[in-house]
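Enquirer: Could you build all of it, start to finish, from the sequences and the hints given here?
Those protein sequence lines, which keep their order, are chains A and B. So the first sequence is residues 85 to 560, counted in my numbering. So the second sequence is residues 85 to 560, counted in my numbering.
Don't read these hints as lab results, they were simulated from the structure. You may find that some hints are simply not true.
Copies of the same chain look alike in the list, so a pair counts if it fits in one copy or across any two.
[As the list claims (entries may be wrong)] Pairs of lysine-lysine residues, derived as DSS-like cross-links and limited to a Cα-Cα distance of at most 27 angstroms, are as follows: (1) K125 with K426; (2) K226 with K509; (3) K213 with K426; (4) K213 with K226; (5) K539 with K426; (6) K213 with K539; (7) K440 with K213; (8) K539 with K440.
Note that this is a predicted model, so its numbers are computed, not measured.
Number of protein chains: 2
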Amino acid sequence: MASTNRGVTQADIDYFASAGINVVHSNEQLGGTYNTDYFNKYHGASQTIVFPKSTSQVSTILSHCNDSRISVVTQGGNSGTAGGAMAQQHELLLSLRDMDRIRDLDVISGVLVAEAGCILESLDEHVRKFEYIVPVDLGAKKRCMIGGNVSTNAGGLRYLRYGSLHGNVLGLEVVLPDGQVLDSLFTLKKDASGYDVKQLFIGAEGTLGVVTAVSLALAPKPQSEQLVVLGMDDFVTIQRTFVLARQLLGEIVSAFEFWERRCNELVVQYEGYSSPLSATHEFHVLIETRGSLARHDWEKMGLFLARLRAEQLIGESRVVRDPAEMGQVWLFRSQMANAHMKSGCMHVYDFSLASKHQHELLRAVKAHLHKHRLYACEQAVVRDVTFFGHVGDDNIHLQVIADEFGGAVEEAMEPWVYQWVGAHKGSVAAEHGLGAHKGQFLRYSKSPVLVDTMKALKRLLDPNDIMNPGKHVARA
Amino acid sequence: MASTNRGVTQADIDYFASAGINVVHSNEQLGGTYNTDYFNKYHGASQTIVFPKSTSQVSTILSHCNDSRISVVTQGGNSGTAGGAMAQQHELLLSLRDMDRIRDLDVISGVLVAEAGCILESLDEHVRKFEYIVPVDLGAKKRCMIGGNVSTNAGGLRYLRYGSLHGNVLGLEVVLPDGQVLDSLFTLKKDASGYDVKQLFIGAEGTLGVVTAVSLALAPKPQSEQLVVLGMDDFVTIQRTFVLARQLLGEIVSAFEFWERRCNELVVQYEGYSSPLSATHEFHVLIETRGSLARHDWEKMGLFLARLRAEQLIGESRVVRDPAEMGQVWLFRSQMANAHMKSGCMHVYDFSLASKHQHELLRAVKAHLHKHRLYACEQAVVRDVTFFGHVGDDNIHLQVIADEFGGAVEEAMEPWVYQWVGAHKGSVAAEHGLGAHKGQFLRYSKSPVLVDTMKALKRLLDPNDIMNPGKHVARA
Chain A
85 MASTNRGVTQ ADIDYFASAG INVVHSNEQL GGTYNTDYFN KYHGASQTIV FPKSTSQVST
145 ILSHCNDSRI SVVTQGGNSG TAGGAMAQQH ELLLSLRDMD RIRDLDVISG VLVAEAGCIL
205 ESLDEHVRKF EYIVPVDLGA KKRCMIGGNV STNAGGLRYL RYGSLHGNVL GLEVVLPDGQ
265 VLDSLFTLKK DASGYDVKQL FIGAEGTLGV VTAVSLALAP KPQSEQLVVL GMDDFVTIQR
325 TFVLARQLLG EIVSAFEFWE RRCNELVVQY EGYSSPLSAT HEFHVLIETR GSLARHDWEK
385 MGLFLARLRA EQLIGESRVV RDPAEMGQVW LFRSQMANAH MKSGCMHVYD FSLASKHQHE
445 LLRAVKAHLH KHRLYACEQA VVRDVTFFGH VGDDNIHLQV IADEFGGAVE EAMEPWVYQW
505 VGAHKGSVAA EHGLGAHKGQ FLRYSKSPVL VDTMKALKRL LDPNDIMNPG KHVARA
Chain B
85 MASTNRGVTQ ADIDYFASAG INVVHSNEQL GGTYNTDYFN KYHGASQTIV FPKSTSQVST
145 ILSHCNDSRI SVVTQGGNSG TAGGAMAQQH ELLLSLRDMD RIRDLDVISG VLVAEAGCIL
205 ESLDEHVRKF EYIVPVDLGA KKRCMIGGNV STNAGGLRYL RYGSLHGNVL GLEVVLPDGQ
265 VLDSLFTLKK DASGYDVKQL FIGAEGTLGV VTAVSLALAP KPQSEQLVVL GMDDFVTIQR
325 TFVLARQLLG EIVSAFEFWE RRCNELVVQY EGYSSPLSAT HEFHVLIETR GSLARHDWEK
385 MGLFLARLRA EQLIGESRVV RDPAEMGQVW LFRSQMANAH MKSGCMHVYD FSLASKHQHE
445 LLRAVKAHLH KHRLYACEQA VVRDVTFFGH VGDDNIHLQV IADEFGGAVE EAMEPWVYQW
505 VGAHKGSVAA EHGLGAHKGQ FLRYSKSPVL VDTMKALKRL LDPNDIMNPG KHVARA
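Expert: Here it is, written out as structure tokens:
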């Protein structure tokens, strides 16, 4: 969907420069990562990027763009997987890289106020010195920025324990499309005074304005961490194990991940890491606990594992006690997407789906691709269909690894897979966002009244359609 | 602010009746509790009330009212304290009392779908049979309804542990002012597909539509509970104790309440309960923990209390082990508002404020009322100025008990106290909502751009201003 807005001219560039804004323009397309997304699937065509250093500079930029009808694509760490941060044609790129100050950390209340360009891992390292952690964590933490985490509503690895950004974000500073600064950068936990406007920007993927700063409720730093990796034969066993974990590990469970056999093989093959278990298993399960008293936490873990053995649920188990080894297991887990990417052209799907339907989906996809003579047959162009996910928060990642992007694979998969997920009451995007492509499938899981309300909100807040046009709900 | 909408006529009543809707009309004002709020402060003047039994009936009602420009005030358990559920003039009352079905409980994922008229305590009792609890709890639980909890964004007693409704509400069914049903009744934990529209209705106090059903992420039922009541001499000690609780009780802390001496005396005097401690203390502190293994939890409590004693932080402590006694202590705490109400005309304030300013506020209010010759002087009409609150979530309740409502006390207090709170970066409403009165003070704690955005959202979603007109942000 092409925007009717105009492109950036030399006069615009001069205007930004005269306002003291760092602007980079290229007669060709911009190099670096600006026009290529993390998985090398989406490619942008932008020639101009601005690097504001302050909220006031962001306001100057948007005000000018709104008046001049120039479209703007906001970029954080550019680690998204849905193409949301890629300029589709002549849009201006707005990078938040240089807005990376920590504005405040209240060590009594545990509230952090940080600018949008702060790298997630750096924030976490900083607050750990004060006995806190950032309550969101994900594979891209070395690269992603907190503004992007908020804008994509990233759920991540420890949602199970720390919950949603809709609960943990206490306030936002947002520059609206017309340049007005919407200051809702509150640091209070309870607040019931008026509509919670900031919530609209959580997951808006830069379509309603630019998030310039975030106020976050931090979680206390755990005093002890436990990790166990389990080998399992079937998906039902994972579900039973999860129920037992909730009972016996209770409030200390902090992550519960699974990945299937082929995912494990790909990480070993393409990343060169050793498998965390010695034997081959249909499923690997990683359970992490975090607590305030190591002796209690290990005892709970022991009782839990004893129960699993008594119920004959596990084949092989490895209790990891050494922090360095724990880091290696997490590194193995975090390389899953990269390993898939290296193994071929990765069509990646990010669904929310009730646990009871998750394995069924994988089987349905394989059968569907086979029926279309794309998988598990002589002329197959699909090499692998895999899934891994976060148990307890409904989120699975499904990968179809093919010889090429798009083409017959995409045609067979889409919209079929989105229809399947919608029909099973799932969501077409759990934590990666709608981005450039998935808005068109939104109606498979959201009702027309809801989608129309989303579109009305977009028109209200961005009447000139300058913010990330043609993406997200614009495609719905 | 008088609405220009018209009142209910006999023809409207006939229309509702012909559609099978239970409608009650009185030539005088309606009796019962419909026109009197819980604290007997706000009084309505409605003559007509409807009791829809289904979402479809709510849709019929709103569609008719929108076409006919009849204003609608939604009522749940009518336990609010801000007058939000009182009809101000000729509005139609819409009670959700008869929409009290539990639609679904997924015992694996722990997601409850319930209609808005379900009583909070009944829901909690129901889900406890399946090893879950409802993650919100408050003093009015025997009367308040889940739709009202969501609509006022009730935080309650265990926010510290279970977090915000913005995180725990997974979906809503809302009838929009024009009668369209906005179905966002999802049961998925992670979802990043489009704007999170449902968030706008959390805390909207019935100004954007009628919440007819709620999907809630439940919390696991604790396997053990611990309770301790502490006597303390000053507010600084409470803060230090909270820091130690976070360290030593960690993930099992589930409530941390304080109330000052006079609050304790009022409950003893007006409710006839025994004080939970034997001596008189400037402050009482109630700490509750909930965990999955009693032996561990009690051991942590022991370590915590030993540390408090070592630091000489407590005067008297009472560890409560018997569940019935725990119930009595909670009952004592929950009678705080009632006892104040019985002691005189209660001007109640519900602020969020950084902990470091909370005691300062109480002192400032006393000094201010004294300066106005209303408190602690010969002609005083103010009998008591008290506060109690939830430590760790920034929320305090401040009471000014006077001989009369309104008058000189209200004039002295307002807008002065809202300005004071705004100037100290607090919020004018933490969990009771803006209701009939407090919208006018919103600008002391929210920026003009934010307030204007709220008003624009109201115009977008309720263009005919039929939903709870003249309240909430309409007064801002």
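Enquirer: Compare the structure with each hint and give your call.
Expert: Structure-based check of all given hints:
1. Proximity of K125 and K426 under a CA criterion of 27 angstroms is satisfied intra-copy only: 12 angstroms inside one chain copy versus 68 angstroms between copies.
2. In the homo-oligomer, the alpha carbons of K226 and K509 never lie at most 27 angstroms apart, since the shortest distance is 33 angstroms inside one protomer and 33 angstroms across protomers.
3. Proximity of K213 and K426 under a CA criterion of 27 angstroms is satisfied in neither setting, with 36 angstroms inside one chain copy and 49 angstroms between copies.
4. In this assembly of identical chains, K213 and K226 lie within 27 angstroms of each other by CA distance solely inside one copy; the values are 18 angstroms within and 44 angstroms between copies.
5. Taking the shortest alpha-carbon separations for K539 and K426, neither the intra-copy value of 37 angstroms nor the inter-copy value of 50 angstroms comes in at or below 27 angstroms.
6. Taking the shortest alpha-carbon separations for K213 and K539, neither the intra-copy value of 43 angstroms nor the inter-copy value of 42 angstroms comes in at or below 27 angstroms.
7. Proximity of K440 and K213 under a CA criterion of 27 angstroms is satisfied inter-copy only: 22 angstroms between copies versus 41 angstroms inside one chain copy.
8. For a Cα distance limit of 27 angstroms, the shortest separation of K539 from K440 qualifies neither inside one copy, at 32 angstroms, nor across copies, at 43 angstroms.
When held up to the earlier numbered hints, the structure conflicts with 2, 3, 5, 6, 8 and fits the remainder.
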